[in-house]
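Chemist: Got chain A sorted already, so can you dock chain B onto it with the hints?
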Amino acid sequence: MQKKDFVVRFAGEGGQGMVTSAEALAQAAALAGYYAQTFTTFPSQIMGGPTWAQARISTTPILSAGDELDILVCFNKEAYHLHAEEVREGGVVIYNSQVFQLEESSSAVGIPVDELAKATGNPRAANMVILGALAHLVSWPQEHLTSFVRQRFARGRPDDAAIIKSNVQALDLGRQRAAEAGLTLGELAPPKKPPYQQIMVKGNDALALGALAAGLDFYIGYPISPATPILVFMQRNLVGPGKFVYQASSEIEAINTIVGAGFAGKKAMTATSGPGFSLMHEGIGLAWMAEVPCVIVDVQRGGPATGLPTKTEQSDLLSALHPAHGDVMLPVIAPGSIEECFYAAIWALNWAERYQGPVVLLSEHMLSERTENIRKPDLSVVTVESRLVYQGSNGYHRYEARELSPMPVPGGPGAYVANGSEHDAMGDTTHLSQRHIHMTERRFSKLKLLTDGTFELENPEESVVLMPWGGSKGPSREAYTLLIQDGYRLGWAFTMFLQPLPPKLLEELRKKELVIVPELNYVGQFSSYLRSLGVKAVSITQFTGLPFKVLDLVRRVAAVAQSHRERMVRV
Amino acid sequence: MTKKNPEYDFKWCPGCGDFGVRRAFEMAVVERAAKTKEPIEKTVVVAGIGCSGNMVHLLEGPQPFGIHGIHGRTLPIALGVKMARPDLNVLVVAGDGDFLSIGAEHIGPQAQRNLNVTCLVMDNGVYGLTKGQSSPTTRFGQITSSTPYGKVEAAMNPMELYLALGTSFVASGFSSQVKDLTRLIVAAMEHPGFAIVHIQSPCTTYNDTYEEIKGNVQKGIAPAAWPVSPDHDAADLQAAYRLVRSRGIPIGIIYQQPESEPLEARLARVLGKVKARSMEELLEASKI
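Sequence order for the protein chains is A and B.
Read in numbering that gives the first Met the number 0, the first sequence has 483 at position 484, and its numbers run on one by one without any break.
Read in numbering that gives the first Met the number 0, the second sequence has 45 at position 46, and its numbers run on one by one without any break.
Heads up, a few of these hints could be off.
Claimed, not checked - Computed far set for chain B versus chain A, every beta-carbon distance over 10 angstroms:
1. Ala46
2. Phe64
3. Gly79
4. Ser100
5. Gly140
6. Ser145
7. Ala154
8. Ser175
9. Val185
10. Ile212
11. Arg241
12. Ile248
13. Pro257
14. Glu258
15. Arg268
16. Lys274
Said to hold, decoys possible - What follows is a set of in silico ranges between Cβ atoms, one per label pair, in the way DEER data are often shown:
17. B:Ala275 <-> A:Glu84: 27 to 35 angstroms
18. B:Arg276 <-> A:Ala160: 22 to 30 angstroms
19. A:Lys503 <-> B:Glu279: 29 to 37 angstroms
It should be emphasised that the hints constitute simulated quantities derived from the structure, not laboratory data.
Keep in mind that this is a model prediction, so the values were computed, not measured.
Even glycine gets a Cβ: it sits at the ideal position worked out from N, Cα and C.
One chain only, chain A, in its complex shape (with noise of 0.2 angstroms):
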């Protein structure tokens, strides 16, 4: 029987071109037809610490990184004896034989990598070997890799056919040498192309293209990861009249650059992970007191403090609800995957513009650092929105409604104050009651603007529903299908407007018996905020600094469903 897809995980040393070889073979099988998809970690170090990187190709759209290995490449012993354990029964280990040995069986194959490569002529080769030996494992056509070589060094330089002739030379050396090994997986299907057009893009560039195509004109942002991907993006591709870019001196400067940038009438945004949107929670609060459109993109990662600065974690949700001291409640927009990453950032700056406030994009390592083929973009289908413009004569009161009112722009009529302190329909100081309320009422009333966000709800008849937040769709999802297979009686739900939750959606949800949350982090963050909206929520909490596994997910979630019917049935 032919295999749907296979996983392989590339382990070592950071530097030895576990990355390159994880993309590399993705774009290679993206290239040929198939759904590919990467993961990748690595210590917080410029180089070396154990790394390792993970890429998985399909006949299907994928929607994890794979579970079990098929093929584990082991650049070094360490990497052996960290990951052996995940290659399942019947899989396959490659290991640099040059750096250890292991003991002769039917499942490990050494391989001399660099000595292969160093034979091409080309020293920088030694991920073609890697790539070779896949190939013959999984009986790929040997097109599927030359094509690839020949696209990847086509760079218009002298030395092209040289490159391209010692890289094809080493696919071939290291598929001759798992050939001799008389290992094979068996066949991977051949692919099925989509009837579309595909990119190929990491989350975090997804969601910079996103920005770009709902108009932004200014981005500020201070490097800090897993974020400063974005702010190397803008930094290339947001020029042009009218636009800025800039490396700020801290997170504090950068969210109070995008309030001066709001008011002066730009589609403001900076990008942060934990630690900077922590610093920016002030800021974060004046634009809301002063109505200032701008979004606060955060990639999270492992916390508090400097936590895990390279890991995954979903754990900053309840600061990104209420990230400012003070009655405040801030539009979350959490996309769920690499396609969803580009849409949020457009759903994001739009809302932005319309509510005229803050709006917080969620995003999370394991998606900003994952690479995965992704249908291209129809920017027909876009809508871009910007802010009502005052458009009178001088005089203006830009408070004085008693909801969204249109907003001065400065050079124009309506010459304001937009204030942090409490203030009146001038936007002068004030401490009256009677201000106060009107003025709380009428941020908080806004929020009725920002009910449009869409959701997924499957089997609605089921009282017991599964509801990931953000990058653990994938997985989760993964896992409902399974469990449905099996013959498990389960809803699904699934929206990345996390706040306002989109009223149809939090309707349905509070007629269910039990919501199951499965969320990366202690504290069961999106369930306690579901319970307080009424909900009979339940979360199934990891945290490793990873992903979770889909076999994980489906042992959880099942004895979670369990236990609920066996207390229904007591009751």
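Modeler: Okay, now just chain B, sitting in the frame of chain A:
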């Protein structure tokens, strides 16, 4: 804003130096508007938290735009406004607590970028709004509500700090000399780059330094303030350092960097040949 607004009840104490600064500010902005033929609405006032920041609500006459933000963050907000709209005339009004204590981290970056805004720092050597605590410019040994046995920190020399951080325009003014102060503010606004006018603006309630600054002949007190000599070469950084390190308070233009290139011009120069890629081109670059 201002007198016409019955809800706004903030008042400066009688004799507060900030009255003089406000008058100079109003005259400078009107003078600039007349010179440039730009409406007042093209001016944006970014106000700090403290007595001085309330100036944004107390301006008389045609109204500029304003942001009254959070404590210490006038400069980041000004960076946002100015770089969003380089055509706007952006002014920061803040006190010594806001600008030199909680907000001090922002001076260096703006000086090094040469952000094209004008800062009016009203220095009264005390936290007035919170009722008299010690600030960075409070004198060594001075007794305040937060230093009941005397301040144990050396007083900061703000103008030396501005010079050391690379500020391209530094002037020193006094709130009682409104005409001279107006001239300094106009010069600061005309300067293409980061301009700070540091103003002695005494607090009559918690730190009344009028007598010290102006002197008192009858009591034999020599004035601390003295005018910068017309011979001073403001383009000479070493001469500027000598001025701000000398005794007392020199009043006038301390330093003005010749051929100052503001941030927007630097960016235009660097980005001049960079071609923006269209959305379609960007997506195409990632296509499989």
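Chemist: Just double-check Ile212 (chain B) for me: nearest Cβ-Cβ distance to chain A has to come out over 10 angstroms.
Modeler: Given that every Cβ of chain A is farther than 10 angstroms from that of Ile212 (chain B), nearest at about 29 angstroms, it holds.
Chemist: So does Ala275 (chain B) sit 27 to 35 angstroms from Glu84 (chain A), Cβ to Cβ?
Modeler: violated (50 angstroms)
Chemist: Find the nearest Cβ of chain A to the Cβ of Gly140 (chain B) and say whether that gap is larger than 10 angstroms.
Modeler: Gly140 (chain B) is indeed farther than 10 angstroms from all Cβ atoms of chain A, at 32 angstroms.
Chemist: Report holds if the minimum CB distance from Ser145 (chain B) to chain A is greater than 10 angstroms, and violated otherwise.
Modeler: The assertion about Ser145 (chain B) holds, with a minimum of 22 angstroms to chain A.
Chemist: With d taken as the least Cβ-Cβ distance between Ile248 (chain B) and chain A, does d exceed 10 angstroms?
Modeler: Correct as stated: the minimum Cβ-Cβ distance to chain A is 30 angstroms, above 10 angstroms.
Chemist: Beyond 10 angstroms from every Cβ of chain A: is that where the Cβ of Ala154 (chain B) lies?
Modeler: holds (26 angstroms)
Chemist: Using the beta carbons of Arg276 (chain B) and Ala160 (chain A), state whether their distance is inside 22 to 30 angstroms or not.
Modeler: holds (29 angstroms)
Chemist: In terms of Cβ atoms, is chain A entirely out of 10 angstroms range of Ala46 (chain B)?
Modeler: violated (8 angstroms)
Chemist: Would Val185 (chain B) pass as off the interface with chain A, using Cβ distances and a cut of 10 angstroms?
Modeler: holds (20 angstroms)
Chemist: Does Ser175 (chain B) really sit off the interface, with its C-beta more than 10 angstroms from all C-beta atoms of chain A?
Modeler: holds (27 angstroms)
Chemist: Per the stated criterion, does the least C-beta distance between Gly79 (chain B) and chain A lie above 10 angstroms, as a non-interface residue requires?
Modeler: For Gly79 (chain B), whose nearest Cβ neighbour in chain A is about 2 angstroms away, the distance does not exceed 10 angstroms, so it is violated.
Chemist: Is the hinted range of 29 to 37 angstroms satisfied by the C-beta distance from Lys503 (chain A) to Glu279 (chain B)?
Modeler: With Cβ atoms ~35 angstroms apart, the hint holds.
The structure fails to meet hints 1, 2, 3, 16, 17 from the earlier list, while all remaining hints are met.
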